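Generate the whole structure from the sequences, applying the supplied hints.
Protein chains in written order, with this note's numbering: chain U, 1387 to 1703; chain V, 1013 to 1361.
Keep in mind that the hints were calculated from the coordinates and are not lab data. Quantities reported herein were computed from a predicted structural model and do not represent experimental measurements. Even glycine gets a Cβ: it sits at the ideal position worked out from N, Cα and C. Hints may contain errors.
[What the hints assert, rightly or not] From the structure, some residues in chain U lie toward chain V, with a derived Cβ separation under 10 Å:
| id | residue |
| --- | --- |
| 1 | Val-1395 |
| 2 | Leu-1453 |
| 3 | Ser-1646 |
| 4 | Val-1673 |
| 5 | Leu-1693 |
[Stated by the list, open to error] Covered stretches of chain V, as calculated for chain U (at least 3 residues, CB under 8 Å):
| id | segment |
| --- | --- |
| 6 | 1169-1177 |
| 7 | 1181-1193 |
| 8 | 1287-1301 |
| 9 | 1306-1318 |
| 10 | 1324-1335 |
[As the list claims (entries may be wrong)] Which chain V residues stay away from chain U? Per the calculated CB distances, all over 10 Å, these:
| id | residue |
| --- | --- |
| 11 | Arg-1041 |
| 12 | Arg-1045 |
| 13 | Cys-1069 |
| 14 | His-1086 |
| 15 | Val-1096 |
| 16 | Val-1101 |
| 17 | Val-1151 |
| 18 | Leu-1196 |
| 19 | Pro-1229 |
| 20 | Arg-1247 |
| 21 | Ala-1278 |
| 22 | Leu-1282 |
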Amino acid sequence: MTRFVVRRVISMVLVLFAISVLTFLIFQVIPNGDPAQRMAGRLSTPETVAAIRRTWGFDDPIWQQYLITMKKIFTGEVISYTQQVNVLDQIKQDLPATLSLAIGAGIVWFVMGVLFGVLSALRAGHFTDRALTVVALVGVSTPVFLLGAVALYFLAFKVQLFPNGGYVPLTQDPLDWLYHMILPWLVLSVLFIGIYSRVLRSNLLDTMNEDYVRTARAKGISERRVLVRHVLRNSLIPIVSLWSLDFAAVIGGGAILTESVFNLQGVGQYAAESIQRLDVPPVLVIVMLGAFAVVMLSAITDVIFALLDPRIRLTGR
Amino acid sequence: MATVDSTVRAGATAARDADGGAAGIGPYRLALRRLRRNKAALAFGALFALIVVLCLCAPLYADRIAHTGPNANHVTDTVMVGGVSKDVVSPTGQPLGPTWHGRFLLGADQNGRDIAVRLLYGGRNSLEVGALATLLTMVLATIVGIAAGYFRGVVDGVLARILDLIWAYPVVLLGIALGTSLALGGIAIGPLQLQGNSLLVPAFIIGIVYIPYVAKPIRGQVLGLREQEFVDAARVGGAGPLRIMWSEILPNVSSTLVVFVPLMVANAILLEAALSYLGAGVQPPNPSWGTMISDGIRLIPSAMHLTFVPGAMLVLAVLGINVFGDGVRDALDPRAKVRLEERGEEASR
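Laid out in structure tokens, this is it:
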């Protein structure tokens, strides 16, 4: 156990280091992306550009620039190139919207995915199952920004049932917050509901033929109890592990498209806008945060499963 | 002795008969046979094929029917619809809706470009990016997965770290970071020279991003395969690692690879649309389904056909290949399906 944790932590640090270097390099290889020139603006003299370059250290070798930027990130004083605001402050300001979206949608897609999966499996081959299959397939085949735009058009513009995007902080007005989040939650969840219900359906159908399920039935336990305590409980393991990975990805910037369509002003949207401005520091921080969430949650999931299920052994990898 | 032999043979024939008919048919022929019985998968496969053919015929449609190109502006033109002359783009900037005639069949966009023509050309670009990205993913993932699983040890360690790196990097963020920087600068790695607006840029990005999703399962499968007796036999027979990987391991993972292809094409088309929506995919004025949708989204309230036409086409194409892909998977692994159906019966009681 200790060995597993130590190896996971080392591996995580390595991955995060490599990701930060990679992100830094991606923006350094742009031939016409001189940040000093962009910061000085169009009508700038070569002197101002040179001065900016000196103060921001753009003349230093790349590795030195990288080290300085990383140091600033960890001391919390990293400043964005184009807006010249503290990146960490900006992220702190945007994080509530992203967390609201991720946590709410995570709950919605887990509950609905399990519900639809169970319904599908219980009615396998019948109308309900077929209909849910069609819905799941359409959900998996529709880009989330298209779905969001269509939903906004019909539900916020044609019928003014929901607000036209935007985010209201939970602390400011909980009801208004809920009102603004419902549509983004549902739209982001559709894809995942499609995947989860399909996976759970086939897991359930597989588990129903296990010997221990037959034993449980033979003992005379009611069908409902067999289903919930024996079949569903075991079929949920892969779903929960899938959920933790997807949830991490959504927190780590995976919800960019949903945030943009609904103009939630979250971390993902901040990343997308920063990338378009070729503003390296915010992108660097957000990408590292996202990768950290993914690596961290997958390690935690592995540990939890090892504790819950004695058949799973923890190895280095 | 002779009786035993013939009994064995009879038994083998009976087993094959149960699964698909005549004896001595290869697994792929059998799979094809099963696929042919799956009408829904075939219908959706045909839908996808139809969309591909239509998009390939884009120049023909543009030349013979619409009489315009994908990037030709007609902002100041008028067009006769049912005997009435109409502006392609009204003085207030409202683009023409569908005319259901040869010219501007599906309407025009805010630049006075023919939506139907752009839809077909855009489909060509989307499908091209999807196909190239899938090709890149499959080739690289197969090499990485087989090498990691076969050699294990240091090779596996290094490759697994690289896969972890790509996998932990937020997909869409990696895509737009690469896409934005490459769209500005292009790629210049040795002999590989790409312009920033080349279609190969999004194809390259998408191809790289999805490698771990294919390479990881392949690696797992190879880890099991390399311990099998036929691999030992080949090794004893003097085959080197390359030969074993090529002619012993590869054929055994090929069905997994085939199952991944439609899935990857669908995912690649969706990611291309997402990247284009964020301005990091196919670059304007080149059309693609994604760029067309993102151009139209701001104008949904006044001209919803700008979004709905390419959106519907995209969903139909991806849906078609998804359902077909499910059919291929069931055909290649019939036991999974039979299992599902048997248990489905039991469950429905």
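- Task: Please verify that hint: U:Val-1395, Cβ, nearest Cβ of chain V, below 10 Å or not.
- Result: With Cβ-Cβ at 14 Å, over 10 Å, it is violated.
- Consistency of the no-contact label for V:Cys-1069, given chain U and a CB cut of 10 Å: Holds: least Cβ distance 23 Å, greater than 10 Å.
- Evaluation of the interface hint that places U:Ser-1646 against chain V, nearest CB under 10 Å: Status holds, d = 7 Å.
- Query: Are all C-beta atoms of chain U more than 10 Å from that of V:Arg-1041?
  - Reply: At about 26 Å from chain U, V:Arg-1041 clears the 10 Å cut-off, so the statement holds.
- Message: Taking 8 Å as the Cβ threshold, is the statement that the segment 1181-1193 of chain V is covered by chain U upheld or broken by the three-residue rule?
- Response: holds (count 11)
- Mind checking the CB of U:Leu-1693 against every CB in chain V and telling me if the closest is under 10 Å? Because about 23 Å separates U:Leu-1693 from the closest Cβ in chain V, which is outside the 10 Å limit, the hint is violated.
- Query: Taking 10 Å as the limit, does the beta-carbon of U:Leu-1453 come near enough to a beta-carbon in chain V?
  - Reply: Hint on U:Leu-1453: violated, closest Cβ of chain V at ~20 Å, above 10 Å.
- Message: Please verify that the nearest CB of chain U lies beyond 10 Å from V:Arg-1247's CB.
- Response: At about 25 Å from chain U, V:Arg-1247 clears the 10 Å cut-off, so the statement holds.
- Message: For the segment 1324-1335 of chain V, count the residues whose Cβ lies under 8 Å from any Cβ of chain U; is that count three or more?
- Response: Coverage by chain U holds here, the residue count being 6 at a Cβ distance below 8 Å.
- Query: Does the claim that V:Arg-1045 lies outside the interface with chain U hold up, using a Cβ gap greater than 10 Å?
  - Reply: holds, 22 Å
- Message: Over 10 Å from every CB of chain U: does V:Leu-1196 meet that, or does the non-interface label fail?
- Response: violated, 5 Å
- Is the Cβ of V:Pro-1229 more than 10 Å away from each Cβ in chain U? V:Pro-1229 is indeed farther than 10 Å from all Cβ atoms of chain U, at 14 Å.
The structure fails hints 1, 2, 5, 18, 21 and 22 (numbered hints given earlier, in ascending order).
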